[in-house]
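Chains as they are written, first to last, in our numbering: chain C, 1 to 437; chain P, 1 to 337.
The hints are simulated quantities; they were obtained by calculation from the structure and are not laboratory data. Just so you know, these numbers come straight off a predicted model, no measurement behind them.
Derived EDC-like pairs (lysine to aspartate or glutamate); straight-line CA-CA distance at most 20 angstroms: (1) Lys42/P x Asp47/C; (2) Lys165/P x Asp333/C; (3) Lys334/C x Asp243/P.
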Amino acid sequence: MTVPAAEMPPEAVPRARRALRLDLLLVAVTAALLLAVPLYVSMTGQDMMRLPKELLLRAGAILIAAIAAIGLVLRKLSFSRRLPVDGALAIAAVAWCAITTLTSTNRTLSLRALAYVTAAVVVYFAASYAITRMRPILVLGIALVPAIFNAVAAMMQALGGWNPFFVPEELPRRAHTIGFLGNPDYVGAYMVPAILTALAIARAWKGVVRFGALGLVVVFATAAMLSQSITTLIALVAGIVTMAFVGAGMRMRIAGIVVLIAVVAGIWYYPATRARFRETAVAVVELRLDALISGRLGAFVAAAEMAKSRPLVGMGPGCFAYHFMTYRIAAEDKYTFMRTAGKGLNFGEVHNDHLQLLAETGVPGWLIFAGALIALGLRTLTPGQTPTVRFARTLATPLAVSLAVLALAQFPLELASVLLLYIWLAVTVFRWSDDVA
Amino acid sequence: MTLRSMRIAAAVLIAGVAAFLLYRVVALPYHCNIVRTQAEQKLGRAAEPNEYRAAEMAREVLRDIDHCLASDPTNVALLYVRARAFRILGRNEHAVAAYEQALRYDHRPEIYIDLGVAEYAIGRGESGVEHMLTAVRFLPWTVNYIESASARAQVYHRLSALYAKRGNLLVNPRFTREALEGTEMQHAGTGLAASLAAGWSAYNTTGTLTIERVPSTYPGHKGTMLHIKTTNIDAGLMQIWGDWGTGPSKVITTAKVFVNKGAAAIGSGHLLNTGYDGISKTRGQWEELRAPSGSCPVNQTWLVASTYEGADFYVAEVRADAVVSELPCDTVTPPPQ
Numbered sequence: 001m002t003v004p005a006a007e008m009p010p011e012a013v014p015r016a017r018r019a020l021r022l023d024l025l026l027v028a029v030t031a032a033l034l035l036a037v038p039l040y041v042s043m044t045g046q047d048m049m050r051l052p053k054e055l056l057l058r059a060g061a062i063l064i065a066a067i068a069a070i071g072l073v074l075r076k077l078s079f080s081r082r083l084p085v086d087g088a089l090a091i092a093a094v095a096w097c098a099i100t101t102l103t104s105t106n107r108t109l110s111l112r113a114l115a116y117v118t119a120a121v122v123v124y125f126a127a128s129y130a131i132t133r134m135r136p137i138l139v140l141g142i143a144l145v146p147a148i149f150n151a152v153a154a155m156m157q158a159l160g161g162w163n164p165f166f167v168p169e170e171l172p173r174r175a176h177t178i179g180f181l182g183n184p185d186y187v188g189a190y191m192v193p194a195i196l197t198a199l200a201i202a203r204a205w206k207g208v209v210r211f212g213a214l215g216l217v218v219v220f221a222t223a224a225m226l227s228q229s230i231t232t233l234i235a236l237v238a239g240i241v242t243m244a245f246v247g248a249g250m251r252m253r254i255a256g257i258v259v260l261i262a263v264v265a266g267i268w269y270y271p272a273t274r275a276r277f278r279e280t281a282v283a284v285v286e287l288r289l290d291a292l293i294s295g296r297l298g299a300f301v302a303a304a305e306m307a308k309s310r311p312l313v314g315m316g317p318g319c320f321a322y323h324f325m326t327y328r329i330a331a332e333d334k335y336t337f338m339r340t341a342g343k344g345l346n347f348g349e350v351h352n353d354h355l356q357l358l359a360e361t362g363v364p365g366w367l368i369f370a371g372a373l374i375a376l377g378l379r380t381l382t383p384g385q386t387p388t389v390r391f392a393r394t395l396a397t398p399l400a401v402s403l404a405v406l407a408l409a410q411f412p413l414e415l416a417s418v419l420l421l422y423i424w425l426a427v428t429v430f431r432w433s434d435d436v437a
Numbered sequence: 001m002t003l004r005s006m007r008i009a010a011a012v013l014i015a016g017v018a019a020f021l022l023y024r025v026v027a028l029p030y031h032c033n034i035v036r037t038q039a040e041q042k043l044g045r046a047a048e049p050n051e052y053r054a055a056e057m058a059r060e061v062l063r064d065i066d067h068c069l070a071s072d073p074t075n076v077a078l079l080y081v082r083a084r085a086f087r088i089l090g091r092n093e094h095a096v097a098a099y100e101q102a103l104r105y106d107h108r109p110e111i112y113i114d115l116g117v118a119e120y121a122i123g124r125g126e127s128g129v130e131h132m133l134t135a136v137r138f139l140p141w142t143v144n145y146i147e148s149a150s151a152r153a154q155v156y157h158r159l160s161a162l163y164a165k166r167g168n169l170l171v172n173p174r175f176t177r178e179a180l181e182g183t184e185m186q187h188a189g190t191g192l193a194a195s196l197a198a199g200w201s202a203y204n205t206t207g208t209l210t211i212e213r214v215p216s217t218y219p220g221h222k223g224t225m226l227h228i229k230t231t232n233i234d235a236g237l238m239q240i241w242g243d244w245g246t247g248p249s250k251v252i253t254t255a256k257v258f259v260n261k262g263a264a265a266i267g268s269g270h271l272l273n274t275g276y277d278g279i280s281k282t283r284g285q286w287e288e289l290r291a292p293s294g295s296c297p298v299n300q301t302w303l304v305a306s307t308y309e310g311a312d313f314y315v316a317e318v319r320a321d322a323v324v325s326e327l328p329c330d331t332v333t334p335p336p337q
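Looking at chain C on its own, in the form it has when it is part of the complex (with noise of 0.2 angstroms):
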């Protein structure tokens, strides 16, 4: 904790003052840098978002590096030598993620998606350091900002107004909603903390908060049903279930059963959505599995099969796209389903990151994921009434289990803008409910 100026003793206070500019320096690069990366994007770049983004976390987590390396060296900054359950964790990913590139089928490869886990751990920390210094409302701020400029310019995309990015007319409507993340399914997986995080506020504050929360459920979730992301209705409506019935009173169920029958109208209500659900219905009616999960199904069946051949250490961070084509061939000669399956679809992720991390970094690296994921959980279990705790405990059952379920058919952790949100709220709860836990 900051020991503010006025308590110090005369002669430390301009000391002190120097260590607040770094210590500033730091929480104001973290900010910025949570702001910016679900915001920026290269208009002249062949990858306009995707790859932007990613460098722009690199910049960050570099910057963050080599802030905290001069304040430690200049003994200007000083960290807590605590090492919380949470932080353990990403060390713990880090770590794992280091000997399977040491391990790995192509060491080039798996180095720079070390760099990419690494940064995100840096930024972990920075947002762990960051957080117990700055007002809830700003820590809020910082999580919601973007995902409201996002689902603004979602929903102008969605409905057919402002657009500053070239997509061809006779592509479907849903094609456009592309916010300024890339692609209708990354909106949608953004949307998703955004919502839960609108709704846990709802709950934790009262007055003005909690219906200017509720408004932004609204803009939201609009977003997220323009998307028509049907991996993202799954895990919002997994996630608006678990804040309802985990750990929650009475009031908070019908609270989440009329959030729900909302959701599921809004759902019914706009034809393009309703559209989809009714096709992935068809498919499950039909057992048309490669339908169900939208051509997935060569991606799935190669990464299983990566992880069966090597289950302790996988094929290495960052190898999946490398191996798929060699994979996906060999699986279709194995089994008789996969001749049928989407033909031609060369895929650079899984689509699903379970499977993803399986086979990557093999058992160990999924497990470290659902150990982060069940100890985010376990945070619904902090006693205490205060907002910020009410906060932290409604929130974070939803939040891993959010995640869980769009990791099924998505890859959230793959991209920076969703990933950093993830990392921003996952920290704000282990933080908040820290003292009373």
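Using the hints, position chain P against chain C.
Same frame as chain C, but now just chain P:
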């Protein structure tokens, strides 16, 4: 040197390392992302018929991307651009080297097919065909990029040999696995519907199609067979066993049928282009229909009534076996969106 000045020196060093890293892992990739856009646009323009202009563009692209590849020799997108530029310049050996380097970091069908074609052009036929085959097995319509007739024939020969190894390409050839419950179903609509046997669809045009599951009476068979009654032509059973554009170039289809009324036809081919390859000639006795496929590539098999008034027949077993062949398909079209 005092401790304080050592600390300051360390801080400056850290700042220097951070600045270098920012340049190396952020600024350069960002810049090269833009260079790639421009290079691909130039290569697009290099496709124009003016050979001199095309060569100029390709040389310009090679100059533009050089520093990016020097800083990151693992950039697959730029390696691919480099290889394409070399091919425009007719420097296939250099193109092959660039494709091979790209394959060290990513496996994509477009790299495999282009590498195969470039290798074939410089006389590395065996390796070229191998790479082309890998691309075609993954993405069938890449076969269209193989201009050499002999290379195409070799690819199809290898592909058909792989399919031939699989034996019967149909699933549930004796209808032993059930899909729908019950022993009888009717399909009065148009197109495909689930049938009684797993893997098989009921296909109807107009009128009514009835399928019944009955104990097999074919000599030596102990399981079930299907009794098919149609009131119109082209109604019966269909199995799509391969995706659009995939499959061997030639298949031999066989079916054991017992026709009571009308006639039954078998056929294997490429989805909408499947016709009658063989038609039954007898009634009131078991007959084996056997015929080579009529269109290319082959990915579906059907057994339908071939008489306008419909047909009434039993079927005990259907087979579709690939034949090792060098017969190439004319064009393999990608699936409609």
